[in-house]
Amino acid sequence: MRKLIQTFSHLFLPLSVMILLIIINLIKGADYFSISLVNGALYGNIPNILFGASELVILSIGMTLVTAASRGQDISIGESATITSAVFVMFVLQASEVTLFTIVIAFLLSCVVGLALGAFNGTLVSVFKVQPMVASLILFTGGRSIAFMIDGKLSPILANDISNQIGTVIPGVPIQTPIILTVVFIVLVAVLFKTTTLKLYVEAVGINPNAARLNGINPKKIIFLTFLIMGVCSAVAGFIAVNKAGRHDSVNLLKLIMMDAILAVAIGGNSLGGGKFSITGSIIGAYTIEMLNRTLLRLEIEPAMIKVFKAIFIIILMVVASPVVRVFAKKTLDRVRNWRSPSSQSAKLTTTNIPTRKEQ
Amino acid sequence: MASVSVIKPKARLSNSNILFLIAAVIFVLMYIFALISYPASFMQFQTFFDLFNLNAPLIIMTLGLCIVMIGGGIDISIGSVCGLITMACAVFLESKSGSIGGAILIALGIGIAFGILQGYLIAYLEIQPFIITLSGLFLAQGLLTTLHKDPINVTMPAFVALRDFDIVINWLGTKNRLGIFIPCEIKPGAIIVVILLVILASLMKWSRFGRNVYAVGGNSHSAMMLGINVKRTIFITYVISGLTAGIAGFVYIMTTGAGNVGNAAGAEMKAIASAIIGGTLLNGGVGNLLGAPIGTLTLLIINELIRAAGVQSNFQAMVSGLLLYFFIVLQSIIMSLRDRRKFSVSLPPWLRLSDKAQKSSQT
Chain A
1 MRKLIQTFSH LFLPLSVMIL LIIINLIKGA DYFSISLVNG ALYGNIPNIL
51 FGASELVILS IGMTLVTAAS RGQDISIGES ATITSAVFVM FVLQASEVTL
101 FTIVIAFLLS CVVGLALGAF NGTLVSVFKV QPMVASLILF TGGRSIAFMI
151 DGKLSPILAN DISNQIGTVI PGVPIQTPII LTVVFIVLVA VLFKTTTLKL
201 YVEAVGINPN AARLNGINPK KIIFLTFLIM GVCSAVAGFI AVNKAGRHDS
251 VNLLKLIMMD AILAVAIGGN SLGGGKFSIT GSIIGAYTIE MLNRTLLRLE
301 IEPAMIKVFK AIFIIILMVV ASPVVRVFAK KTLDRVRNWR SPSSQSAKLT
351 TTNIPTRKEQ
Chain B
361 MASVSVIKPK ARLSNSNILF LIAAVIFVLM YIFALISYPA SFMQFQTFFD
411 LFNLNAPLII MTLGLCIVMI GGGIDISIGS VCGLITMACA VFLESKSGSI
461 GGAILIALGI GIAFGILQGY LIAYLEIQPF IITLSGLFLA QGLLTTLHKD
511 PINVTMPAFV ALRDFDIVIN WLGTKNRLGI FIPCEIKPGA IIVVILLVIL
561 ASLMKWSRFG RNVYAVGGNS HSAMMLGINV KRTIFITYVI SGLTAGIAGF
611 VYIMTTGAGN VGNAAGAEMK AIASAIIGGT LLNGGVGNLL GAPIGTLTLL
661 IINELIRAAG VQSNFQAMVS GLLLYFFIVL QSIIMSLRDR RKFSVSLPPW
711 LRLSDKAQKS SQT
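If you read the sequences in order, they're chains A and B. Just so you know, we're using our numbering here: the first sequence kicks off at 1 and counts up by one. Just so you know, we're using our numbering here: the second sequence kicks off at 361 and counts up by one.
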């Protein structure tokens with residue numbers, strides 16, 4: 001039981017935010033959880049959130065690892081995803097006949113490109129000791145024009161049945177395909193963490209690279225590995241995003257998603273300064289951000305004002321979760337307890353068996 | 361015994377200075393390269409002044425950002441705050457009670473307000489700077505679109521006069537294609553850049569506050585042990601950053617004369633890039649404010665060169681990314697070689713940087 005409480009204590013922040021948002025939504029309208037069946041697929045608020053946040057969830061998993069190991073953030077994830085999806089789209093379009101096999105090959109190819117991009121950033125960070133944010137600034141600056149070069153500026157359209165099904169629904173399956181893909185990805189990551197010592201190593205490197213090195217862990221290798229995983233994550237996210245959109249728009253695909261991904265990591269209760277991390281927290285954080293966006297839309301706030309409310313919400317959230325406020329709250333709670341204590345303490349003294357033990 | 365003499369602390373150039381030196385050398389090399397390859401455009405003095413005239417807001421923002429980065433933080437809200445200020449000033453100037461003095465007050469007020477809010481949250485509540493300034497970015501963008509969505513062209517006569525005001529240098533200038541002599545023009549924004557640069561650089565170099573910022577950025581724990589008020593120092597860096605964003609906003613509207621939703625969009629990333637090229641490290645504690653304009657100008661000259669070379673527009677970003685890559689790798693290689701102390705020892709004696717510096721510092 002105590003172990004359970006310990007694991008849930010760091011999820012307190014994201015879960016409480018999520019519950020708060022659900023309550024706001026329920027006040028707005030009681031039909032928040034209603035789900036309807038349209039064309040053989042489930043639609044409603046909750047499936048929409050799961051559908052909309054799928055890329056963000058995948059990217060925030062990679063971002064958590066990078067943040068934990070290298071104590072910095074990768075700001076080029078949206079650009080990497082654009083490049084990998086450009087490769088995917090061009091491979092699919094040059095094929096004469098689009099089958100499932102072509103899609104899989106194209107996806108694997110885009111994963112290889114993602115690995116290469118991750119290796120680029122990872123080399124800069126681990127070998128050249130460049131700050132992650134600076135290292136990824138390079139790809140952030142040039143990434144979209146590389147994607148332009150690959151897709152030929154024409155924003156090609158993916159008009160085939162299979163990618164349409166990947167983007168929306170497979171006939172006969174009631175859940176949208178991106179949700180299924182996200183769940184599969186999360187399960188794969190969970191298996192990776194269960195079967196290997198990756199989590200321990202990443203945390204050790206993040207807390208103190210020198211101590212990790214003295215204990216036989218190669219920090220360079222671990223940081224490089226996290227960036228490779230980040231590359232694969234951005235390839236998968238780009239794959240989902242481009243299939244959802246149906247066309248490859250180099251300018252706007254996953255634009256500024258790194259901000260949301262970093263926010264998801266922070267809301268998930270992880271430190272942005274590296275060290276211990278919780279993937280579950282980041283996943284919940286990512287869903288929370290999507291829920292927040294949709295809640296603001298649902299409350300019929302003017303589109304111009306949405307960002308203001310988002311900012312105020314985040315600021316309040318971070319203030320409540322900040323270490324200073326936490327210590328202050330703990331102190332006041334203790335004071336309240338002490339103030340109430342005289343009666344309870346005396347009661348305790350009579351009921352406990354300390355005096356009897358002394359007598360013995 | 362050469363290596364022993366190298367280790368002496370006074371003898372070595374500090375990290376700030378060597379990074380600044382690298383940036384300056386690269387800038388000079390870039391400019392000479394530009395002069396040689398495109399003499400027609402770069403030989404004109406006006407080209408050099410235009411770098412300042414048109415990009416004064418970016419340089420001012422970079423100055424503020426550099427101070428924050430030396431203090432170990434980061435501020436990504438500056439671009440949006442600058443955009444918000446241009447729009448607020450434009451709306452105010454177009455209203456009936458608009459005046460230039462009021463607009464300046466509004467610009468500084470909004471900038472300082474953002475600085476105080478973010479600084480308080482980051483310094484005293486110990487929240488991660490990235491998140492707070494990110495929400496500051498959202499807040500400024502949201503306020504901007506709430507305030508006004510459509511572009512406003514300021515038509516107030518007094519402001520238009522200020523916008524078109526140039527300082528003309530008669531004895532410097534070039535003849536255009538028709539042989540008519542055109543004197544050089546300097547916008548007031550460029551003057552503001554120089555004034556701010558002198559004030560802030562001397563503040564960081566010689567004042568107690570500036571040294572505190574370096575100490576806090578280098579290691580906040582030991583700074584606290586030395587009796588430095590860490591929280592207040594960090595707070596003030598963010599206030600200065602907000603102030604410079606405010607000044608940058610006013611300079612921006614003074615050059616363009618219009619409020620627009622897209623004003624200064626993405627300027628924060630440009631400012632971060634130029635601060636890094638200028639030799640400021642993101643971990644804090646290292647950097648030289650004089651590097652800020654040099655970094656910005658290097659970035660701008662790269663863009664000018666790419667434009668002069670006639671590279672397709674969509675390759676421009678790629679080429680500037682590539683050049684950024686070279687800078688970053690070069691900086692890191694030099695830094696790591698310095699750390700191992702093999703670099704200066706392996707060089708022939710007449711090239712040893714540290715020995716030379718040692719001699720000059722001793723004499």
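A couple of the hints might just be wrong.
As the list claims (entries may be wrong) - Cut-off 25 Å, straight-line C-alpha distance, at most; resulting in silico cross-link-like pairs (SDA-like, lysine to any residue):
no., chain 1, residue 1, chain 2, residue 2
1, A, K331, B, V590
2, B, K509, A, A304
3, A, K276, A, L214
4, A, K28, A, P303
5, A, K244, A, I150
6, A, K129, B, K456
7, A, K129, A, P219
8, A, K220, A, L272
9, A, K244, A, G40
10, A, K129, B, K591
11, B, K591, A, T332
12, A, K129, B, D524
13, A, K276, A, A245
14, B, K509, B, A618
15, A, K331, B, Y480
16, A, K331, B, K591
17, A, K199, B, Q488
18, A, K255, A, A245
19, A, K330, B, Y484
20, A, K255, B, M678
21, B, K509, A, M259
22, A, K199, A, S271
23, A, K330, B, Y480
24, A, K129, B, Y480
25, B, K630, A, N252
26, B, K630, B, I666
27, A, K255, B, V590
28, A, K255, B, L642
29, B, K591, B, L563
30, A, K255, B, K456
31, A, K220, B, N579
32, B, K591, A, F328
33, A, K194, A, S271
34, B, K456, B, I666
What the hints assert, rightly or not - Here are a few chain B residues that face chain A, going by a calculated C-beta distance under 7 Å:
no., residue
35, I382
36, I636
37, L642
38, Y685
If you are wondering where the hints come from, they were derived from the structure by calculation, not from laboratory data. All residues carry an ideal CB built from backbone N, CA and C; glycine is no exception.
Now for the hints, and whether the structure bears them out:
1. A:K331 / B:V590: Holds: A:K331 and B:V590 sit about 24 Å apart, inside 25 Å.
2. B:K509 / A:A304: The hint holds at about 8 Å.
3. A:K276 / A:L214: Holds, at about 19 Å.
4. A:K28 / A:P303: holds, 18 Å
5. A:K244 / A:I150: holds, 20 Å
6. A:K129 / B:K456: violated, 56 Å
7. A:K129 / A:P219: Distance of about 11 Å is within 25 Å: holds.
8. A:K220 / A:L272: holds, 19 Å
9. A:K244 / A:G40: Roughly 18 Å separates the two Cα atoms, so the pair holds.
10. A:K129 / B:K591: Since the Cα atoms of A:K129 and B:K591 sit roughly 29 Å apart, the hinted pair is violated (cutoff 25 Å).
11. B:K591 / A:T332: Status holds; Cα separation ~23 Å.
12. A:K129 / B:D524: violated, 47 Å
13. A:K276 / A:A245: Violated: A:K276 and A:A245 sit about 36 Å apart, past 25 Å.
14. B:K509 / B:A618: Status holds; Cα separation ~13 Å.
15. A:K331 / B:Y480: Answer holds: A:K331 to B:Y480 is near 22 Å, not above 25 Å.
16. A:K331 / B:K591: holds, 21 Å
17. A:K199 / B:Q488: Given pair A:K199, B:Q488 holds - Cα atoms ~23 Å apart, limit 25 Å.
18. A:K255 / A:A245: holds, 13 Å
19. A:K330 / B:Y484: With Cα atoms ~18 Å apart, A:K330 and B:Y484 stay inside 25 Å; holds.
20. A:K255 / B:M678: holds, 17 Å
21. B:K509 / A:M259: holds, 23 Å
22. A:K199 / A:S271: holds, 15 Å
23. A:K330 / B:Y480: holds, 21 Å
24. A:K129 / B:Y480: Roughly 31 Å separates the two Cα atoms, so the pair is violated.
25. B:K630 / A:N252: holds, 19 Å
26. B:K630 / B:I666: Cα-Cα ~17 Å, so holds.
27. A:K255 / B:V590: violated, 36 Å
28. A:K255 / B:L642: holds, 24 Å
29. B:K591 / B:L563: holds, 19 Å
30. A:K255 / B:K456: At roughly 39 Å apart (the allowed maximum being 25 Å), B:K456 and A:K255 break the hint.
31. A:K220 / B:N579: holds, 24 Å
32. B:K591 / A:F328: Within the cut-off at roughly 17 Å; holds.
33. A:K194 / A:S271: holds, 22 Å
34. B:K456 / B:I666: violated, 45 Å
35. I382: Violated - the Cβ of B:I382 stays beyond 7 Å from chain A, reaching only about 14 Å at its closest.
36. I636: holds, 5 Å
37. L642: Hint holds; B:L642 Cβ to chain A Cβ min 4 Å, cut 7 Å.
38. Y685: holds, 5 Å
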